[in-house]
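Asker: As a plain string of letters, each chain reads:
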Amino acid sequence: MTAGDILQETYSALSANKVRTGLTMLGIIIGISSVIAMISIGKGAQNSIQSSIESLGSNLLTIVPGVIQPGRGIVSSGRGSAQSLENDDVEALRSIEGVAYVSPELNRRFQIVASSGNNTNSTVIGTTPEYQTIRNMALLEGSFFTEAQVRSLGRVAVLGPTVAEDLFGEADRIGKTIRINKMNFRVIGILESKGSGGFANPDDTIYVPLGTMQKILAGVDYLSTIAVSVGDKDLMTQVKEEAISILSAKHRVDFENPDFSIVSQADILGALTQIIDTFTIFLASIASISLLVGGIGIMNMMLTTVTERTREIGLRKAIGAKKRDINLQFLSEAVALTCAGGVIGVLLGWGISYGITSLGIVQTKVSLSSVLLAFGVSATIGIVFGYYPAGRASKLSPIEALRYE
Amino acid sequence: MIEIQDVQKTYKTGDVEFQALRGVSFTIQDGEFVAIMGPSGSGKSTLMHILGALDTPTSGTYYLDGKDVGALSDDELAEIRKNNIGFIFQSFNLLPRATVLRNVMLPLVYADVPPEERKERAEIALKAAGLDEEHFFHRSNQLSGGQVQRVAIARALVNNPTLILADEPTGNLDTKTGEIVLGTFQKLHREKRTIILITHEREVAEHAERIIFLRDGLLEEDRKHHKQKII
Numbered sequence: 001m002t003a004g005d006i007l008q009e010t011y012s013a014l015s016a017n018k019v020r021t022g023l024t025m026l027g028i029i030i031g032i033s034s035v036i037a038m039i040s041i042g043k044g045a046q047n048s049i050q051s052s053i054e055s056l057g058s059n060l061l062t063i064v065p066g067v068i069q070p071g072r073g074i075v076s077s078g079r080g081s082a083q084s085l086e087n088d089d090v091e092a093l094r095s096i097e098g099v100a101y102v103s104p105e106l107n108r109r110f111q112i113v114a115s116s117g118n119n120t121n122s123t124v125i126g127t128t129p130e131y132q133t134i135r136n137m138a139l140l141e142g143s144f145f146t147e148a149q150v151r152s153l154g155r156v157a158v159l160g161p162t163v164a165e166d167l168f169g170e171a172d173r174i175g176k177t178i179r180i181n182k183m184n185f186r187v188i189g190i191l192e193s194k195g196s197g198g199f200a201n202p203d204d205t206i207y208v209p210l211g212t213m214q215k216i217l218a219g220v221d222y223l224s225t226i227a228v229s230v231g232d233k234d235l236m237t238q239v240k241e242e243a244i245s246i247l248s249a250k251h252r253v254d255f256e257n258p259d260f261s262i263v264s265q266a267d268i269l270g271a272l273t274q275i276i277d278t279f280t281i282f283l284a285s286i287a288s289i290s291l292l293v294g295g296i297g298i299m300n301m302m303l304t305t306v307t308e309r310t311r312e313i314g315l316r317k318a319i320g321a322k323k324r325d326i327n328l329q330f331l332s333e334a335v336a337l338t339c340a341g342g343v344i345g346v347l348l349g350w351g352i353s354y355g356i357t358s359l360g361i362v363q364t365k366v367s368l369s370s371v372l373l374a375f376g377v378s379a380t381i382g383i384v385f386g387y388y389p390a391g392r393a394s395k396l397s398p399i400e401a402l403r404y405e
Numbered sequence: 001m002i003e004i005q006d007v008q009k010t011y012k013t014g015d016v017e018f019q020a021l022r023g024v025s026f027t028i029q030d031g032e033f034v035a036i037m038g039p040s041g042s043g044k045s046t047l048m049h050i051l052g053a054l055d056t057p058t059s060g061t062y063y064l065d066g067k068d069v070g071a072l073s074d075d076e077l078a079e080i081r082k083n084n085i086g087f088i089f090q091s092f093n094l095l096p097r098a099t100v101l102r103n104v105m106l107p108l109v110y111a112d113v114p115p116e117e118r119k120e121r122a123e124i125a126l127k128a129a130g131l132d133e134e135h136f137f138h139r140s141n142q143l144s145g146g147q148v149q150r151v152a153i154a155r156a157l158v159n160n161p162t163l164i165l166a167d168e169p170t171g172n173l174d175t176k177t178g179e180i181v182l183g184t185f186q187k188l189h190r191e192k193r194t195i196i197l198i199t200h201e202r203e204v205a206e207h208a209e210r211i212i213f214l215r216d217g218l219l220e221e222d223r224k225h226h227k228q229k230i231i
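Quick note, the sequences are listed as chains A and B, same order. Each residue of the first sequence is one higher than the one before, counting from 1 in UniProt numbering. Each residue of the second sequence is one higher than the one before, counting from 1 in UniProt numbering.
Calculated directly from the structure, the hints in this document are not laboratory data.
Heads up, simulated SDA-like pairs for lysine to any residue below, C-alpha to C-alpha not over 20 Å straight-line: (1) A:K395 / B:D74; (2) A:K323 / B:D74; (3) A:K18 / B:R139; (4) B:K119 / A:I6; (5) B:K119 / B:D132; (6) A:K323 / B:D55; (7) B:K192 / B:T27; (8) B:K67 / B:T27; (9) B:K192 / B:R121; (10) B:K12 / A:L396; (11) B:K127 / B:R139; (12) A:K182 / A:L217; (13) B:K119 / A:D5; (14) B:K12 / A:E400; (15) B:K119 / A:G4; (16) A:K323 / B:E79; (17) A:K240 / A:D88; (18) A:K240 / A:R252; (19) A:K18 / B:R97; (20) A:K182 / A:L153; (21) A:K240 / A:N257; (22) A:K18 / B:P96; (23) A:K194 / A:Q363; (24) A:K395 / B:D55; (25) A:K323 / B:N83; (26) A:K18 / B:N141; (27) B:K119 / A:M1; (28) B:K192 / B:I180; (29) B:K119 / A:A3.
Could you build all of it, start to finish, from the sequences and the hints given here?
Answerer: As structure tokens, then:
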């Protein structure tokens, strides 16, 4: 028997009862398409979170005062409540090998009033020019403030696009005056939108020189955050450890239990990726249950077919078919059924994830590996669930089969 | 040449034993047209299964062309059926889904005959069985009972078997169509084919040149039938 003969037999058997074949295939189609769609949605969510975190600045270590309590996550860090980070910590961090940029930050929320009379309540961050480099900030118009303006306590402000929109609408904004906490600031730059990602919205923020923030607006001399950008991704761990030992020595605290915490973007990314992975696996396992049910449907149909075609099996054996020929014929019917279902399922799953992308819910991504997996799984299901019925068919005695009514 | 010697067949159902054949011996030469007759329960179906290599005897020997068929495995029996025997059954002879040509080619498929050769051989067999070319691409539900049996005869011929084994081939046909089918057997007989016809009807058996009577699992009579009914 050639492969062509087997294909021909399979086609003729499956097309003889199209409705039944279609319904049986439906189980596999639904199973495969939902697995593909679920995995693509998971991958899409992962990619979108990854890119939004990377857009906040990659290779970034964020040092915050206080202690991140194990098990309670970064939200309960008590950030800002402790006052342990000081201006000269920045110089100490700069001396570590591998550190590219260091940007100290102090943030507060203030009421902001524009000359037009519009007002808003936003986060104001006092920082240095390096902040722009570290956080990948691009300017829509104007410029960021300079080192000189930080030293001279210049009353200048760079606005995030949301704040600018709230205060001025579409009107000209550069050179206008705004009042932050009742003090006048000149607008010198507007940032491009970065979109909200993570825990703060950089678009709804105003940036002023650090000195101005500490001495004039807040009246304090500590920092709420120090961002450290590392030149080489491979040096992240090394820099992190060094920063812990330098700062704890400087603060005279035990480095096992420091009065600050260092969070890297990789930590946040890792945690989120893990959550999404878990979720994707969860969804995909639910989808695989329908795949399993589809496989049982195939076995059911194959068993019915074997019974219905008992006389045919007898006839085939009488004219010289061996066990192997019969086995191969029924097994290939089951595999053809699942593979055809697999192809349609992949297309349908692709369609679903395309639909989700075009509806703008999540930017999904169908990976080649999930398609290959789906094919592998459907062929395996065909073999596994076709094995028993095919074995039963091949073991039929020709005499019994011919006598069967 | 077919030689069976003291063939016995016992079926066991639980503790109950049933002896279908109690020791049958005969020899059939190449080119003979033999009818095996007997009432139901005489053991003729069991004998047909053994002659057709569908089953093996409990004891005794069966030589087909000098080969001992009595003690072969399932797959070896399939090999014998494929190469040496052509079957014609009473009913359900053809695959309903396949065309006439495909049905006749089926034994060649299992015999690993190259696809190019199959069609030609199937057409030759169909013509030998007397089926008109216009039916070659019909399905079996578009054929009459007589035409179905001719296709079955063609399928039995296509592998050039040693033995053509027909089990009640006219059982489902009216007398006139039955005559035509039996006429086809006689034509094949004149072409020196070996044919064994299993039937319970004397009318049918009289078309053969030799009749073997079975009764209660024993050979009752084995005679040449000189007044063969020629069609």
